[in-house]
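Chemist: Since the structure of chain A is provided, determine the placement of chain B on it from the hints.
For the record, the sequence lines run as chains A and B. The opening position of the first sequence corresponds to residue 2 in the working numbering, with each subsequent residue numbered one higher. The opening position of the second sequence corresponds to residue 33 in the working numbering, with each subsequent residue numbered one higher.
No lab work stands behind these hints: they were computed from the structure. If you're wondering where the values come from, they're calculated on a predicted model, not measured in any experiment. It cannot be assumed that every hint is accurate.
Now the in silico label distances, taken between C-beta atoms and shown as ranges [as the list claims (entries may be wrong)]:
1. R105(A) x R191(B): 25 to 31 Å
2. A102(A) x V256(B): 54 to 60 Å
3. A269(B) x R105(A): 37 to 43 Å
4. E119(B) x N23(A): 54 to 60 Å
5. G115(A) x M120(B): 37 to 43 Å
6. R105(A) x K218(B): 54 to 60 Å
7. N23(A) x K177(B): 27 to 33 Å
8. G115(A) x G271(B): 45 to 51 Å
9. R191(B) x S146(A): 27 to 33 Å
10. A102(A) x I128(B): 53 to 59 Å
11. L253(B) x P93(A): 50 to 56 Å
Covered, in the sense of this in silico footprint (three residues per stretch, anywhere, with C-beta under 8 Å from a C-beta of chain A), are these stretches of chain B [to be verified]:
12. 172-181
13. 186-195
All C-beta atoms, glycine included, are put in the ideal place defined by N, C-alpha and C.
One letter stands for each residue in the lines below.
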Amino acid sequence: MAVRVNINKLCKSFGSLNVLDNWDLNISAGERLVLLGPSGSGKTTFLRLIAGLESPDSGQISLNTDKIAFVFQEPRLIPWRNVSDNLLFVRPDADIEGILAQLRLSGFEDYFPGQLSGGMQQRVNLARALVTEPDLLILDEAFSSLDLPVKLEIMQDLLEHWQDKHFTMVSVTHDLKEALCLADRILILSPRPAHIAYDFGVTLGEQRHFSDPELLRLESQLLGLLLQK
Amino acid sequence: MKTVLYWLSGIIVFVFLWQLLALLFGWNIILPPPLEVFQTMGNLCLNPDTGIAALQTAWKVLLSLALVLIIGIALGLLLGMFKALYEMMRPIIMVIQAVPVISWLTLVIFAWGIGWRGPVFITFLALLPMALLTTVSGVRNLDHKLLEMARVYRVPTSRVFRDIYIGSLLPFVAAIIDVSIGQAWKVILVTEYLCGNSGLGVKILSARYAVDSTGVYAYTLLAVILGIVTERLVKLAMGRVSAKWQSV
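Okay, chain A solo, but in the shape it has when bound (with noise of 0.2 Å):
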């Protein structure tokens, strides 16, 4: 079931640093949200205050669900289990041939982190955080470090999945093209300490491809809006 998060008056900062500055945000319930915005400007501050790996300062956040699954930018899998293992790590009771399937693992099941390669090993993530059927899926600079093809195909993955369940998704990339795929909103952040610059709709189909001249008119407006701002 895909979740509604509230945002109200969220404060975050560091020391003397402040990083969020009274943030108002509402996601509605299975919503693609992308973040974009300058380093530093708070966009993983934000990712894991929501997913309750940071306590704000001041402010709320309200999701009614406790389904969250975090795709972060390096795999973090674990060494010395295997595929699978790592995925019934964090939900022992799952079916895992389906989602292994999906994101073209299957036969991997047996294969150690280390005997993966970077793709491999960013599915393998990806898969972990499908398994637990989230409400909630946030995602951090999740194929920054993957080649085109192989970014392309995760993406597909993701939002053939992401139809099917038409979970909550909250992402950060810095990549404007993978903004343009997955979301179906933009927040385009100021540097710190961070506020919403532009909230960005994205009118393109469900059938998005790099290549769309209608995707690559929006991705030259959200660079004008990024250099603008």
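Modeler: Positioned in the frame of chain A, the structure of chain B alone reads:
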């Protein structure tokens, strides 16, 4: 096969040098010739008393090792997880490390007299700080990103302990065993010699009283061989256990 050949040639060179020095100096009381020692050792091995003494030493070694591993690792885990507790316990660990063995020896003789408890207790105290501090380093070297991942997915503590803690600590436990087992043999032999009533240490003491230096060498050689065999066996068992947590 090549390694075995290297081993054998090393042993042959060692025995040859020993024989040469024994012949050159002719100090039978300090350096008896190897052949004589091997002969005495052969005779000792045929004597059931020697087997019993070796077993008495071996069980003390294994008991001390088991105590060090169980208590050292459990306590090390706690100290690694709770920094305040570590700081609180640090002076005690330093005291245990600094107290001379001879003082422990006197205390255990007062407490238990001559027997098996003294050697086991002193060996345990001698090895505990190393086991404790190695485990603390292991806990501090845990991959916090893995723990954070487990937190996001709300994985129960028991599973985190089984799948992350044990796997991460295994190389440290292997290091503890590696260092402890050789040390345990040495300390047990010394303490048997000084406050024991059974085992190879006592046999060495008897040989000393009889001014039988060949006997001292023979018992020592036996202790060395047993030490190596125990070490190999424990490592083999350890290898089987750690294979479950082995990454490729």
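Chemist: Against each hint, give a clear statement of whether it holds in the structure.
Modeler: Here is what the structure says about each hint:
1. R105(A) x R191(B): 25 to 31 Å: With a Cβ separation near 27 Å, R105(A) and R191(B) satisfy 25 to 31 Å, so the hint holds.
2. A102(A) x V256(B): 54 to 60 Å: holds, 58 Å
3. A269(B) x R105(A): 37 to 43 Å: holds, 40 Å
4. E119(B) x N23(A): 54 to 60 Å: Since the Cβ atoms of E119(B) and N23(A) sit about 40 Å apart, the hinted range of 54 to 60 Å is violated.
5. G115(A) x M120(B): 37 to 43 Å: Holds: the Cβ-Cβ distance is about 39 Å, inside 37 to 43 Å.
6. R105(A) x K218(B): 54 to 60 Å: holds, 56 Å
7. N23(A) x K177(B): 27 to 33 Å: holds, 30 Å
8. G115(A) x G271(B): 45 to 51 Å: Roughly 19 Å apart at Cβ, these two residues miss the hinted range, so it is violated.
9. R191(B) x S146(A): 27 to 33 Å: holds, 28 Å
10. A102(A) x I128(B): 53 to 59 Å: Roughly 57 Å apart at Cβ, these two residues keep to the hinted range, so it holds.
11. L253(B) x P93(A): 50 to 56 Å: Cβ of L253(B) to Cβ of P93(A): about 53 Å, so the range 50 to 56 Å holds.
12. 172-181: holds (count 4)
13. 186-195: This one holds; 4 residues, not fewer than the three required, reach chain A with a Cβ under 8 Å.
Violated hints for the displayed structure, listed by number in ascending order: 4 and 8.
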